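*Asks:* Build out the structure end to end from the sequences listed, making use of the hints.
Chains A and B supply the protein sequences, listed in that same order. Counted the way my numbering counts, the first sequence spans residues 1 to 194. Counted the way my numbering counts, the second sequence spans residues 1 to 194.
For the record, the hints were derived by calculation from the structure and aren't laboratory data. Quick caveat, the model's predicted, so the values are computed rather than measured. Hints are not guaranteed to be accurate.
Computed list of lysine to aspartate or glutamate pairs in EDC-like fashion (alpha-carbon distance at most 20 angstroms, straight line) [to be verified]:
(1) B:129 with B:2
(2) B:156 with A:84
(3) A:129 with A:2
(4) A:129 with A:23
(5) A:156 with B:2
(6) B:156 with B:84
Each chain, letter by letter, is given below.
2 protein chains.
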Amino acid sequence: MDTSRWPRRLAGMDTEDFLHHAEEFHGHLSPGVVAGAFLVEAAGRRLGPSEHLNAVVETVVCLPDAVQLLTPCTLGNGFLQVLDWGKFALTLYDRMTLAGVRAWLDPARVARHERVAAWYLRRGVKVDKERVIADLLGVGRDLVSSRPVRLEAALKDTARFPTAVCPDCGETYPTRWGERCLACAGRAYYRPAE
Amino acid sequence: MDTSRWPRRLAGMDTEDFLHHAEEFHGHLSPGVVAGAFLVEAAGRRLGPSEHLNAVVETVVCLPDAVQLLTPCTLGNGFLQVLDWGKFALTLYDRMTLAGVRAWLDPARVARHERVAAWYLRRGVKVDKERVIADLLGVGRDLVSSRPVRLEAALKDTARFPTAVCPDCGETYPTRWGERCLACAGRAYYRPAE
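*Replies:* Below is the structure:
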């Protein structure tokens, strides 16, 4: 693989280290995780250093893992919010100032690169993901558009909800759901077995 | 800190390694991540090895990071689903057989341990999180209940939605949302700046 056009560093991490970590964490190397790294890089550079970095991703696919690998924002620590909008875009912002930068994989830019376009624009042809990844590593920085944005409010919900023990299952749940937990209110995704 | 009662291994990982990784990934060590590790361990042991492991967490707080650290399931690879139910519980299941084990931090068991109870049952007293973590490491295995469950269907959405370029912003979006993307349909969480 011709690695001469790869950036030596990607979003502040040694590129090879990032690829190694991404494969380990995500389970395999995907075009989405690699493209996501370029979004993180573009938004982060334009935003500049922030002690209070938050992230919003606009898709559940691949992109959240790039953010979790390359920023201090994880789903479980609350600094990463996830919207299931199906858009390959993210915003990094400072939760104190609410100033941010939104970055996205720009279809007009992607269209110039046949293999990446076949993957990203879902042209229905079978794509060789390894070659798409190699292409992305070569031209990724050219495919991203970004713009400064301002949030109306931090998306992290900092309210602490009172909890109670559910009278039906005996587990704790937030009382904002009412008299019982959501599972006992009929929304369980499971049924008992054995 | 008295580490003599800590398990040497936790959910298949050396306990000290896990604590180190958790601090790095999550940003700090939290009782929730440590308690989450005991849930992963309990569900995983009872389920047994699975080549097709999926996870569901029933809260967005802390628990997703324990799963992402200790299993192959991440948000971005689609094997971790996240319900914002506010319940400290998770299910590990095999996405082929749909057989799983659900594990939760059991309030009746937690109630026997004063500091952990003050944290988990939100008794309104100020808790020393480091001491709660130390307590959890000592008695965590006694605090978890679990039961075999069966899912009706895998929660991972494997359908690939057709995408199009939004006529307003020029970005790609899934056409299932209609004529334009959700941001252009009025749900943007940001406004342009500068």
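*Asks:* None of the hints should be skipped; say for each whether it holds.
*Replies:* Here is how each hint holds up against the structure:
{"no.": "1", "hint": "B:129 with B:2", "result": "holds (15 angstroms)"}
{"no.": "2", "hint": "B:156 with A:84", "result": "holds (13 angstroms)"}
{"no.": "3", "hint": "A:129 with A:2", "result": "holds (15 angstroms)"}
{"no.": "4", "hint": "A:129 with A:23", "result": "holds (14 angstroms)"}
{"no.": "5", "hint": "A:156 with B:2", "result": "violated (35 angstroms)"}
{"no.": "6", "hint": "B:156 with B:84", "result": "holds (16 angstroms)"}
The structure fails to meet hint 5 from the earlier list, while all remaining hints are met.
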